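These protein sequences, in sequence, are chains A and B.
FYI, our numbering numbers position 52 of the first sequence as 52, with every residue one higher than the one before it.
FYI, our numbering numbers position 38 of the second sequence as 38, with every residue one higher than the one before it.
Please keep in mind that the hints were generated in silico from the structure rather than gathered at the bench.
Just so you know, these numbers come straight off a predicted model, no measurement behind them.
A hint or two may mislead.
Treat identical chains as interchangeable: a pair holds within one or across any two.
Straight-line C-alpha distance at most 25 Å; calculated DSS-like pairs for lysine-lysine [unchecked claim]: (1) K140 to K153; (2) K98 to K74; (3) K74 to K157; (4) K140 to K98; (5) K98 to K157; (6) K74 to K96.
Letter by letter, the chains look like this.
Number of protein chains: 2
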Amino acid sequence: GHLHNSEAFNYGVETWEAYKRGGLSKDLVEEQRKVQEADLLIFQFPLFWFNMPAILKGWMDRVWVQGFAYDLSKSYDGGLLQDKLSLFSFTTGGSKEKYAIRGDIRYLLWPMQHGIMHFCGVKVLEPHICYAPENVSEEKRKEMLTAWTQRLKTLWKEEPIDCSPEWYFK
Amino acid sequence: GHLHNSEAFNYGVETWEAYKRGGLSKDLVEEQRKVQEADLLIFQFPLFWFNMPAILKGWMDRVWVQGFAYDLSKSYDGGLLQDKLSLFSFTTGGSKEKYAIRGDIRYLLWPMQHGIMHFCGVKVLEPHICYAPENVSEEKRKEMLTAWTQRLKTLWKEEPIDCSPEWYFK
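Pulled out of the complex, with its shape left as it was, chain A reads as follows (with noise of 0.2 Å):
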């Protein structure tokens, strides 16, 4: 459709204004309606440089509009999209001892489970991180996937965590 003001574009403010007026393409619609209907959003990704994929990455830059995901007025706890759970689970490239050195697991947890989730008051369950599948033998690998397996029976059963916590905001 016709940009809401063609003298400065402002992409955030483009998508928000589309979003408005239902002028988003329809693959971002329909994304957006499988985010409103779940409950429960699991994000399963390798991870690339501390981060998701850039595809991943990409699509929350695209379907997660403001007026949809965010208002600047309505964050965290009183986000829009309230009332849904989400986890991270991902594999990693490194050992479960490289991270712990730095305390690097927490740190990059936070931009996708604070910045994100939590700015849009989606509620975080325990992160599921399988530590470098690729260096593992195929029995530690069959563990996995049967934990895995197994969290997924009783993951309704848990309670969100708290993914600011305090000793974040020194």
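Dock chain B against the given chain A, drawing on the hints supplied.
Here is chain B on its own, set in the frame of chain A:
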């Protein structure tokens, strides 16, 4: 070209092997050449969801392959892209005050500065952050541009910062 291992496809291994035998696609080789020739890499972008926009994240995911940017035995201070400098220069949607409440800026810089640059041996200059340019006066925006112009003039005299300070490691 042909797959290194067609029995079990592993994206990371395939790009690594392709890099070694010169089998990466031309656009990647060209981007790697630019990185190789550069003394200073300036990443300029609008902050999207506490990280770089997907299109830039995709550039990192695709261009900075194992063998070129890092090697599991050669990382951090011994990384493959030593003797290069980097600088993250970005604009935000929210105000400085909003980001300051939770120390968000420190945490969102970690994956980019420590997780990518430091991991590959690239030194990091003080980030350059323009807060909420959309919401400030035209005069303030001009000041932001002037400050950046001024900084660029003496950038070569700046010393790298410690992007992985001790307080992270608790």
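Comparing the hints with the structure gives:
1. In the homo-oligomer, the alpha carbons of K140 and K153 lie at most 25 Å apart inside one protomer (20 Å), although the nearest pairing across protomers, at 54 Å, exceeds that limit.
2. In this assembly of identical chains, the alpha carbons of K98 and K74 lie at most 25 Å apart only when taken from different copies (14 Å versus 38 Å within one copy).
3. In this homomeric assembly, K74 and K157 never come within 25 Å of each other (Cα to Cα): the closest approach is 28 Å inside a single copy and 43 Å across copies.
4. In this homomeric assembly, K140 and K98 come within 25 Å of each other (Cα to Cα) only inside a single copy, at 18 Å, whereas the closest approach across copies is 44 Å.
5. Within a single copy, K98 and K157 get their C-alpha atoms no closer than 31 Å, and across copies no closer than 34 Å, so neither meets the 25 Å cut-off.
6. Taking the shortest alpha-carbon separations for K74 and K96, only the inter-copy value of 18 Å comes in at or below 25 Å, while the best intra-copy value is 36 Å.
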